[in-house]
Amino acid sequence: MVQISNDDEPKRRGRPRAYDPQAALLRAMDAFWKSGYSGTSLDDLSAATGMNRPSLYAAFGDKRSLYLKALAHYWQVALGAMHADLAEDRPLADSLMRAYEGALAIYFSGEDRARGCFVVSTAVTEAVEDAEIREGLMTGFLAFDADFEARFRAAQRNGELRDDADPAALAVIATGVMHTIAIRARSGATRAALEELARKAVRALCG
1 MVQISNDDEP KRRGRPRAYD PQAALLRAMD AFWKSGYSGT SLDDLSAATG
51 MNRPSLYAAF GDKRSLYLKA LAHYWQVALG AMHADLAEDR PLADSLMRAY
101 EGALAIYFSG EDRARGCFVV STAVTEAVED AEIREGLMTG FLAFDADFEA
151 RFRAAQRNGE LRDDADPAAL AVIATGVMHT IAIRARSGAT RAALEELARK
201 AVRALCG
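With UniProt numbering applied, the sequence shown covers 1 to 207.
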């Protein structure tokens, strides 16, 4: 957000404008989310953030650096929300469903259409050629797995899961369900249909 200086203040030649870095990052993330990394130009990012190219470079570095910052922010928010949803103070099925419902709220947060998961929609393609994006992608997926696994292990200790259940394998499956929901949301599936898919997945995971 541009901060407009007071008209009574003396004008200084070349005085830089001040921007809200967090707001600019979120707007840049929205631009990447809509068009993907390759499909988002510097002009698109400039228009989305309200910052000219020199200001973008000064604040975030090049396009790739800005994308990596957006990716890190998304992981931080998504993982924080899921960690809270998987709290152990409710039954396992309720915890899992809250996690999927929270994900659906993100996937259907686009103004005109469902946009799915930022990571799945933008990072998967770029990860093939970019080692740093690939590493960030896998780090986030493993963090999802770890949160799910911890919740399944707690459920096993509490008698909600059979003793012969494999929490690590269930965690990978639970993460996979989340990605499936994200892809289907972006592909046009209705929220109601995906909520039903999530409920069936939860029943299978808790079986």
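Misleading hints may appear alongside valid ones.
What the hints assert, rightly or not - Pairwise CB distance ranges, derived in the manner of DEER restraints:
| no. | residue 1 | residue 2 | range |
| --- | --- | --- | --- |
| 1 | Leu79 | Glu160 | 21 to 27 Å |
| 2 | Ala169 | Leu42 | 39 to 45 Å |
| 3 | Glu88 | Pro21 | 48 to 54 Å |
| 4 | Asp163 | Phe108 | 36 to 42 Å |
| 5 | Ser41 | Ala169 | 18 to 24 Å |
| 6 | His83 | Gly188 | 27 to 33 Å |
| 7 | His83 | Asp44 | 20 to 26 Å |
Treat the hints as calculated values from the structure; they're not laboratory data.
This one's a predicted model, so the numbers in the text were calculated from it and none came from an experiment.
Ideal placement from N, C-alpha and C gives every residue a C-beta, glycine not left out.
Structure-based check of all given hints:
1. Hint check: Leu79 to Glu160, Cβ distance near 23 Å, so the stated range 21 to 27 Å holds.
2. Separated by about 44 Å at the C-beta atoms, Ala169 and Leu42 satisfy the suggested range of 39 to 45 Å.
3. Glu88 and Pro21 have their C-beta atoms about 36 Å apart, which leaves the hinted 48 to 54 Å range violated.
4. About 38 Å separates the C-beta atoms of Asp163 and Phe108, a value consistent with the hinted range of 36 to 42 Å.
5. Restraint check, Ser41 to Ala169: a C-beta distance of roughly 42 Å breaks the suggested window 18 to 24 Å.
6. The hinted range of 27 to 33 Å is satisfied by His83 and Gly188, whose Cβ atoms lie roughly 30 Å apart.
7. Taking 20 to 26 Å as the suggested C-beta distance range, the pair His83 and Asp44 does not conform, at roughly 32 Å.
The structure is inconsistent with the numbered hints 3, 5 and 7, although it conforms to all the rest.
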